[in-house]
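Here the protein sequences line up with chains A and B, keeping their order. Quick note on the numbering used here: the first sequence kicks off at 1 and runs consecutively. Quick note on the numbering used here: the second sequence kicks off at 1 and runs consecutively.
Please keep in mind that the hints were generated in silico from the structure rather than gathered at the bench. Fair warning: there could be bad hints in the mix.
[To be verified] Among the chain B residues that face chain A by a calculated CB cut under 10 Å, a handful are: (1) Phe-8; (2) Met-9; (3) Val-11; (4) Pro-12; (5) Met-35; (6) Leu-38.
[Claimed, not checked] Coverage of chain A stretches by chain B, computed from C-beta distances (three or more under 8 Å per stretch; other residues unrestricted): (7) 92 to 105; (8) 149 to 159.
[What the hints assert, rightly or not] If the Cβ cut is set under 10 Å, some of the chain B residues that face chain A in the computed set are: (9) Tyr-15; (10) Leu-22; (11) Ile-24; (12) Val-26; (13) Leu-29; (14) Val-34; (15) Ala-42; (16) Ala-45; (17) Pro-48; (18) Gly-49.
Nothing here was measured: the structure is a model prediction, and the numbers come from that model. Idealized CB from N, CA, C, for every residue including glycine.
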Amino acid sequence: MSSHLKNETEPTMWTAKLRNSWQRNLPIDKLLPDTQPAYVASWIYIFGVLTIAAFGDIIVSGLILSFAGPAWYHTSSVGLFVNSLHFWGVQLFFVFMVVHLWGKFWMAAWRGRRFRTWLTGIAAFLASIGTAFTGYLIQTNFDSQWIAYEAKDGFNAVGIGAFFTPTNIGQIMLIHVALLPLVLGAITVWHVLLVRKNGVVPPIDAAPEGGN
Amino acid sequence: MSGWLSDFMNVPATYIHFTSWLQISVANLIVIGVMVALFIIAMFAPFPGSHSTDSQTSGDQS
Chain A
1 MSSHLKNETE PTMWTAKLRN SWQRNLPIDK LLPDTQPAYV ASWIYIFGVL TIAAFGDIIV
61 SGLILSFAGP AWYHTSSVGL FVNSLHFWGV QLFFVFMVVH LWGKFWMAAW RGRRFRTWLT
121 GIAAFLASIG TAFTGYLIQT NFDSQWIAYE AKDGFNAVGI GAFFTPTNIG QIMLIHVALL
181 PLVLGAITVW HVLLVRKNGV VPPIDAAPEG GN
Chain B
1 MSGWLSDFMN VPATYIHFTS WLQISVANLI VIGVMVALFI IAMFAPFPGS HSTDSQTSGD
61 QS
């Protein structure tokens with residue numbers, strides 16, 4: 001923290017409060033570090049980064065699909081290729097994320113006041129499931145039609161059928177391409193910022209910092 | 001889709017029935033097996049450059 005911040009009076013503007021809080025909790029050398037503890041050299045973290053890379057592929061290919069439209073990606077060879085990039089990117093995204101999740105679970109990664117990092121990871125997993133399911137609903141084929149009516153029965157059974165209509169492709173399309181990617185992206189950014197702020201959890205047998 | 005890939009993929013899924021209430025497609029079982037294998041490899045495979053000393057611990061942020 002800069003020395004002048006310690007001496008100034010308590011700010012009243014929300015911008016100054018936010019700036020001071022950011023600089024206190026996540027200074028730039030913590031946000032963009034050039035060294036890491038030795039135990040960060042683990043394949044489990046590579047799978048975390050691979051998850052973000054797969055998410056990037058999904059976003060870029062999804063943007064192309066959105067702009068070109070189903071008449072393109074269902075018929076042309078390039079469109080089918082980009083559609084496949086999107087689909088297989090999702091498959092790899094889940095494989096990478098689940099391996100990362102398993103690793104962090106057995107590392108008990110919530111130790112040392114890192115429960116928010118763990119919870120944002122879980123939230124990202126749940127948001128990903130919702131995003132993937134809405135993706136299956138907009139394939140515009142018999143498979144998506146079958147899934148939509150099964151899901152509609154499920155929503156009705158739990159009493160929320162008035163709010164979610166999976167057979168309405170307009171509703172599901174907007175949820176899939178606009179709302180859920182933004183939610184998932186925001187959760188992912190929050191997760192990475194918490195990793196930067198709190199650091200990576202040390203191994204269980206070498207954790208003197210205390211507190212669970 | 002045409003060729004050997006279509007012969008392989010454009011067919012109804014084969015399901016394995018473990019009990020009267022649990023069934024899973026062979027494709028999903030293979031994916032789960034691959035994930036478990038990747039997890040085991042990720043836990044135990046040596047990480048390049050990680051075999052050296054404690055000198056790398058200087059950047060501990062915690």
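Checked hints:
| no. | hint | in the structure |
| --- | --- | --- |
| 1 | Phe-8 | violated (16 Å) |
| 2 | Met-9 | violated (12 Å) |
| 3 | Val-11 | violated (15 Å) |
| 4 | Pro-12 | violated (12 Å) |
| 5 | Met-35 | holds (6 Å) |
| 6 | Leu-38 | holds (5 Å) |
| 7 | 92 to 105 | holds (count 5) |
| 8 | 149 to 159 | violated (count 0) |
| 9 | Tyr-15 | violated (17 Å) |
| 10 | Leu-22 | violated (19 Å) |
| 11 | Ile-24 | violated (16 Å) |
| 12 | Val-26 | violated (16 Å) |
| 13 | Leu-29 | violated (14 Å) |
| 14 | Val-34 | holds (7 Å) |
| 15 | Ala-42 | holds (4 Å) |
| 16 | Ala-45 | holds (6 Å) |
| 17 | Pro-48 | holds (8 Å) |
| 18 | Gly-49 | holds (7 Å) |
Hints 1, 2, 3, 4, 8, 9, 10, 11, 12 and 13 from the list above are not met by this structure, while the remaining hints are.
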